[in-house]
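J.: Now for the letters of each chain:
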Amino acid sequence: DIQMTQSPPVLSASVGDRVTLSCKASQNINENLDWYQQKHGEAPKLLIYYTNNLQTGIPSRFSGSGSGTDYIFTISSLQPEDVATYYCYQYNSGWTFGGGTKLELK
Amino acid sequence: EVKLVESGGGLVLPGASLKLSCIVSGFTFSDYWMRWVRQAPGKGLEFIGEIKPDGSKTNYAPSMKGRFTISRDNAKNTLYLQMSSVRSEDTATYYCARLGYSGFDYWGQGVMVTVSS
Numbered sequence: 001d002i003q004m005t006q007s008p009p010v011l012s013a014s015v016g017d018r019v020t021l022s023c024k025a026s027q028n029i030n031e032n033l034d035w036y037q038q039k040h041g042e043a044p045k046l047l048i049y050y051t052n053n054l055q056t057g058i059p060s061r062f063s064g065s066g067s068g069t070d071y072i073f074t075i076s077s078l079q080p081e082d083v084a085t086y087y088c089y090q091y092n093s094g095w096t097f098g099g100g101t102k103l104e105l106k
Numbered sequence: 001e002v003k004l005v006e007s008g009g010g011l012v013l014p015g016a017s018l019k020l021s022c023i024v025s026g027f028t029f030s031d032y033w034m035r036w037v038r039q040a041p042g043k044g045l046e047f048i049g050e051i052k053p054d055g056s057k058t059n060y061a062p063s064m065k066g067r068f069t070i071s072r073d074n075a076k077n078t079l080y081l082q083m084s085s086v087r088s089e090d091t092a093t094y095y096c097a098r099l100g101y102s103g104f105d106y107w108g109q110g111v112m113v114t115v116s117s
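Going down the list, the sequences are from chains Y and C. Following the numbering used here, the numbering of the first sequence begins with 1 at its first residue and continues without gaps. Following the numbering used here, the numbering of the second sequence begins with 1 at its first residue and continues without gaps.
For reference, chain Y alone in the conformation it holds in the complex:
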């Protein structure tokens, strides 16, 4: 099974900060990776698909990059409404979510 490790588990940042989250796969996942946002008490929401493609209707401050085993999710300028837990998800071999990064406001 492919393991997905997200870091950091918790991140505190200020409004306007550039925020970077990491997701590392236990083996090459060939960019078959999505990013989901889950706000407290809500269902997850797709933000980025296939590593770097912005889902329709998602603000352009969100972006993704990466290859092989290492992937990055970036918020260019943090907004208060971005407080949430972010999950990476691989579908290259089986289906695995990362453990999540909880993003808080400083």
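Mixed in with the good hints, there may be bad ones.
Stated by the list, open to error - Here are the simulated DSS-like pairs of lysine-lysine, each with C-alpha atoms no more than 30 Å apart in a straight line:
hint, chain 1, residue 1, chain 2, residue 2
1, C, 3, C, 57
2, C, 19, C, 57
3, C, 43, Y, 39
4, C, 19, Y, 39
5, C, 76, Y, 24
6, C, 19, Y, 45
7, Y, 39, Y, 102
8, C, 52, C, 65
9, Y, 45, C, 76
10, Y, 45, C, 52
11, Y, 45, Y, 106
Simulated from the structure, these hints should not be mistaken for lab results.
Put chain C on the given structure of chain Y with help from the hints.
T.: Using the frame of chain Y, we list chain C on its own:
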């Protein structure tokens, strides 16, 4: 408007069976793979499995094989998750989701299942 509404959750005894439903609207249900994902209280997301548009094929996460069965009734626009021999570890919110071109593009609001004596 696309909608997915889960139902059938609640308190269930260990060892019992339970069938969750997900009624969808706003899109042609029979055109899409559908999936179930769960989330234990305070924990992360866990993929359960998926079903082909015509219901002819299912895939499950290795840890879910054997006790979980996904099915669908395209005439009723309904997705199902049959859970058997439930354990305390199955306590979670269960989500149904549509697999669109770009990923899990629509989700239900989730239904809570609590396994306890």
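J.: Run every hint past the structure and note whether it holds.
T.: Now for the hints, and whether the structure bears them out:
With a C-alpha separation of about 24 Å, the suggested pair residue 3 of chain C and residue 57 of chain C falls inside the 30 Å cut-off, and the hint holds. For the proposed pair residue 19 of chain C and residue 57 of chain C, the alpha carbon gap of about 19 Å is at most 30 Å, so the pair holds. Using a Cα cut-off of 30 Å, the hinted pair residue 43 of chain C and residue 39 of chain Y holds, with the two alpha carbons roughly 13 Å apart. For the proposed pair residue 19 of chain C and residue 39 of chain Y, the alpha carbon gap of about 27 Å is at most 30 Å, so the pair holds.
With a CA separation close to 41 Å, the supplied pair residue 76 of chain C and residue 24 of chain Y exceeds the 30 Å bound. For the given pair, residue 19 of chain C sits about 25 Å from residue 45 of chain Y by alpha-carbon distance, which is consistent with the 30 Å threshold. Taking the CA atoms of residue 39 of chain Y and residue 102 of chain Y, the gap is about 10 Å. The hint holds against a cut of 30 Å. Among the hinted pairs, residue 52 of chain C with residue 65 of chain C is consistent with the structure: their alpha-carbon atoms are about 17 Å apart, no more than 30 Å.
In summary, the hint linking residue 45 of chain Y to residue 76 of chain C is supported, as the alpha carbons are separated by about 26 Å, within the 30 Å threshold. About 22 Å separates the Cα atoms of residue 45 of chain Y and residue 52 of chain C, which keeps this hinted pair within 30 Å; it holds. Distance restraint check for residue 45 of chain Y and residue 106 of chain Y: the Cα-Cα separation of roughly 23 Å lies within the 30 Å cut-off, and the hinted pair is therefore satisfied.
This entry does not satisfy hint 5, going by the numbered hints stated previously; all others are met.
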